Amino acid sequence: MKPPAFDYSRPTSTREAVNVLAELGEDGNVLAGGQSLLPLLNMRLAAPRNLVDINAVTELDYLRVTPDGVRVGALSRHSALERSDDAARVQPLLRQAVRLVAHATIRNRGTTVGSIVHADPSGEMTAVLSLLGGSVRVAGSAGERTVPAEDFFLGPLESAVRPGELAVEAFFPARTPGSGSSFTEISRRHGDYAVCGVGAVVELDADLRVCGARAAFLSISPTPLVLDLAEVVHGRSFDDTAIEELSAYVQARIDPQPDIHATAAYRSHLAGALTLRAVREAARAAADLERTV
Amino acid sequence: MSEQLHDIRLTVNGAPRNVVVPARRLLSDCLRHDLQLTGTHVGCEHGVCGACTVLLDGEPVRSCLVLAVSAHGHAVTTVEGLTRPDGRLSAVQQAFRDCHGLQCGFCTPGFLTTITAGLRDNPTPSREQARDMVAGNLCRCTGYQNIVASVLRAAELAAADHDRRADAS
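If you're matching them up, the sequences are chains P and C in order.
Numbering-wise (UniProt numbering), the first sequence opens with residue 1 and increments by one.
Numbering-wise (UniProt numbering), the second sequence opens with residue 1 and increments by one.
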């Protein structure tokens, strides 16, 4: 249970990190919070030749909150996002979801950008990025590019970050007027990986009737799955969205896989039930936010 | 194969320490093997059990999921650093003793560090918050009831300490 040997570098700026990664190419791996990477190293499921530790790149430890949304630097820990009242005000879904990422002790070290790049299908923040239509800014020796969420997740544990590149920032768009959100999940024990999870965003019109609804699913598909639910609940009052048709609609569009934790049928059941819960809570949150402004 | 070694500087329980380690040395092993601070216990070594929890710049982290080299320049507090300057038990340690919050003691260092930071952030937890505070740590002996009681007792002891200090000043 000890990591295999690797070469190590500790850049102190983004530029230096990108230069080192560009030089290493396929052999370079980024170490940020390490809360997914270190278990893989300890169990010897991964044996990178080189680790480029960005924990000293303090310029990437930031949260920038503007009316447009929240920009999270690559060294910003989950706990910083969880604590940020500004971030929660501009995009409430961030705190709703990040508090479900593992345990508080893990959130103190793990980074939000790192978990997104890790691209685990059970990751909360991958689902949030997809649901909100966010993006990831990636730096390489040739310059920077911005990858939209829909192009970022290529497969389980596989993102669009190429060898030699560093993901420097994730962008989560702000809550749109009239919308509300919710995030809910089921795990065997509090803090464990979710057997299934659902995040929802519901938009209401001036009469507090649903005019838009989307949901993202955890542990259901190889990459984050986002479904548009508007046609099922369109026009319904904010307090009357939890209808059985919603579960059936979702269950007809997912193909969950069985594993040691749950059968496919149980996952499908959870996806349906949690969708009802998440959509109901998101619609109520939207109505509450409308009434308070 | 000879591994490259790295000079690192840590502040451990308030004292500056210099250590020479290979990059793959876990912080948990650095504390135990290089600095002989065996109070930090190593259970699962993949971040599940919480026994190895230490405070890194005051915040609880799994020392088995941090490389010692990554902690270069930072402050680490282990269970050895929780006692009061005069050697008496801290409020959290005393509460564990009062409430029988441990049996075999293997997981205890992780609980003590976690709760010390938890009560600093929330000095008056409800029972539910106390349970949540220790939710990331595993104990196979106690069934957790007495650990949750210890959290609440530690909050009382710390509040009493605080009042005494306020009276004295």
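Bear in mind the hints are in silico, worked out from the structure with no lab data behind them.
Every value quoted in this text rests on a predicted model; they were computed, and no experiment measured them.
Any given hint could be a false lead.
Cβ pair distances, simulated, as ranges [claimed, not checked]:
#, chain 1, residue 1, chain 2, residue 2, range
1, P, Arg145, C, Gln103, 35 to 41 Å
2, C, Glu156, P, Asp85, 52 to 58 Å
3, C, Pro123, P, Cys211, 41 to 47 Å
4, C, Gln4, P, Thr263, 47 to 53 Å
5, C, Glu128, P, Asp240, 56 to 62 Å
On the chain C side, residues computed to face chain P include the following (Cβ under 7 Å) [claimed, not checked]:
#, residue
6, Asn18
7, Val20
8, Ala23
9, Glu59
10, Pro60
11, Gly87
Where a beta carbon is used, it is the ideal one built from N, C-alpha and C, also for glycine.
How the hints compare with the structure:
Our hint of 35 to 41 Å for arginine 145 of chain P and glutamine 103 of chain C is violated, since their Cβ atoms are close to 55 Å apart. Roughly 30 Å separates the CB atoms of glutamate 156 of chain C and aspartate 85 of chain P, a value that falls outside the hinted 52 to 58 Å. Here the CB-CB span from proline 123 of chain C to cysteine 211 of chain P is close to 45 Å, well matched to the stated 41 to 47 Å. Between glutamine 4 of chain C and threonine 263 of chain P the C-beta distance comes to about 48 Å, which sits within the given range of 47 to 53 Å.
In this structure, glutamate 128 of chain C and aspartate 240 of chain P break the distance hint of 56 to 62 Å, their C-beta atoms being roughly 31 Å apart. Violation of the interface hint for asparagine 18 of chain C is found here, the shortest Cβ-Cβ separation to chain P being roughly 16 Å, above the 7 Å cut-off. Nearest Cβ of chain P to the Cβ of valine 20 of chain C: about 13 Å, over the 7 Å cut. The hint is violated. Contact between alanine 23 of chain C and chain P, as hinted, is supported at the beta carbon level, the nearest pair being about 3 Å apart and thus within 7 Å.
Interface hint at glutamate 59 of chain C: satisfied, since its Cβ lies 4 Å from the closest Cβ of chain P, which is below the 7 Å cut-off. Given hint, proline 60 of chain C at the interface with chain P, holds; its Cβ is 5 Å from that chain's nearest Cβ, closer than 7 Å. Given the 7 Å rule on beta carbons, the hint for glycine 87 of chain C is violated: about 27 Å separates it from the nearest Cβ of chain P.
The structure fails to meet hints 1, 2, 5, 6, 7 and 11 from the earlier list, while all remaining hints are met.
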